[in-house]
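Number of protein chains: 2
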Amino acid sequence: MFYVGIDLGGMSIKAGLVDENGRILKKLTCPTGVERGAKAVVEDMARLTLDVVEQGGAKLEDVKAIGIGLPGIQDPETGRVPFCTNLGWHDVPVIEWMHEIVDKPIYIQNDATVAGLAESVAGVSANVKNSVFLTLGTGVGGGIVLDGKVYSGSHGVGSELGHMITVAGGDLCTCGNRGCWERYSSASALIRMGREAAAQAPDCLIMQKAGGCVEKISAKTVMDSAKEGDPVALKVFDQYIYNICTGLVGIINFIDPEMIVLGGGVSLAGEFLLNAIREKLPTMVFYKTMPYARIELATLGNDAGIIGAAMLGR
Amino acid sequence: MFYVGIDLGGMSIKAGLVDENGRILKKLTCPTGVERGAKAVVEDMARLTLDVVEQGGAKLEDVKAIGIGLPGIQDPETGRVPFCTNLGWHDVPVIEWMHEIVDKPIYIQNDATVAGLAESVAGVSANVKNSVFLTLGTGVGGGIVLDGKVYSGSHGVGSELGHMITVAGGDLCTCGNRGCWERYSSASALIRMGREAAAQAPDCLIMQKAGGCVEKISAKTVMDSAKEGDPVALKVFDQYIYNICTGLVGIINFIDPEMIVLGGGVSLAGEFLLNAIREKLPTMVFYKTMPYARIELATLGNDAGIIGAAMLGR
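Those protein sequences? They're chains A and B, same order as listed. With the numbering used here as the guide, the letters of the first sequence map in order to residues 1 to 314. With the numbering used here as the guide, the letters of the second sequence map in order to residues 1 to 314.
Isolated chain A (complex conformation) (with noise of 0.2 Å):
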């Protein structure tokens, strides 16, 4: 039996066929055209899915089920998708449409949800009952795993661990909340961090990767002047993971996950972040002598958000 999963994001459609073991088997890919409207957006999904089948080898009645994630949540009483960020999508019925094309049970989640599912089929948290996956990249996602399985709350809404408030009061999100967790442990914020502290000291060493030009300075900036002991990025460095830990405080102090797993572009720096967070996180936990959750990184990259949505079907 086969799958096919749909990796849906601003820039691109990402379909894949997939094994039951969350293996890709065929991969295809085509620009998202946002502007062209939900409708060919959708279309497009729907012929990709065909594409894939017969490119890979497969016959459409050997795939079991498609299964799409996407930057937004499926309205569980409706079945339609109601948001999506940066699509600009409202009230989509996104099934309806893939089924004028294509006739298979179709299941959608949130992106981050889906990629954190890949990552416990084929990935690190892979036969980890309880885990929680984090993208820590423009915002912060959250996709949670109870018992195996995909758990996105009674309404549908759960799982936007960004969206914690960790600074009450704090800076304006796009939520319309002050402080929630994303404004100040995701790469946006470690990137505003790094260019109000270079700002502050023209000379640092995060000044001179990006050329003088305080525009140019990266979270990959901030991240290698820090890991080459520049003083002024890992000041930076060391409060922005506390601001981490403190949004990790709080998941394991709420549902005490057996794995926490960081994706998403900062999770890029590899071990230097990991080990900091493993530094701080047992100075901050509740029950201090008790196991609690392991925090890894993600291992499936690009690959999470096709193999999770295609085992949404499983």
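Calculated directly from the structure, the hints in this document are not laboratory data. Treat the hints with care, since some could be wrong.
[Stated by the list, open to error] In the DSSO-like style, the derived pairs of lysine-lysine whose C-alpha atoms are separated by at most 30 Å in a straight line are:
#, chain 1, residue 1, chain 2, residue 2
1, A, K149, B, K288
2, A, K235, A, K129
3, A, K149, B, K149
4, A, K149, A, K59
5, B, K129, A, K129
6, B, K149, A, K129
7, B, K129, A, K149
8, B, K26, A, K288
9, A, K39, B, K288
10, B, K64, B, K26
11, A, K220, A, K235
12, A, K64, A, K104
13, A, K288, B, K39
14, A, K26, A, K59
15, A, K280, A, K220
16, A, K235, A, K209
Dock chain B against the given chain A, drawing on the hints supplied.
Just chain B now, with coordinates in the frame of chain A:
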């Protein structure tokens, strides 16, 4: 079939004979006497169990299990109780000692978790699949019910909801972190905020109700003054409602329960508290047009500890 539920607190041990539906048939109480040491307390729990079964007109062979709710946690590895707040217990073999006197299956859980279970069996969250229970008291405790069952995490250290960080870098907490939610949303927080405000405004109604003595200001004094429209008290109350909502938003955005139940001393403010939260929360949740958790008041009061403990064995 019957169950025995034991509610162990710093002041008293309460034991109840409970039927399958969570109804208390007989209830007995004795002082805890913490100063006598853990062994004496555990022996009293065992004897109270035998007494409540006999005086309830039941036979020990009709008792399926004994449940204990206590202000601590059980180590799932050892079965022992590594900590018990206010009792000064460390690594106490509760089950082993109980079994020297009464030979029945014994289940142990945190007191807030147990109260949440009680509400989900015989209280306001009966028949609710996923719920979060909060005790707004001296601190803030939490109980999680997922899929109708108690959820305390992968290592038994979950549901410590009062120790989500909502004000990073804020007030120092007993747990060693700064800015834990309970520092801002417990009864103690309301009292502190009321006292600070009243000290600045000696003519306010809060101060009058406390007979001009700041030390006599209680959570009830502040709540009652706010109910009567005192501007100083209302300002404190508004801030307090915001503080509560910062954590509620985290709970909703994280695990999106079907219901959040408010218990503990603060919840005695009733509809006044509930209405204020229900008015504030919709402006703060992430998905503003999607349904989210109903917020309700606990209904079982002091019996929740006995009922929930008994239901652990069901």
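Go through the numbered hints given earlier and state which of them the structure violates, listing their numbers in rising order. 2, 8
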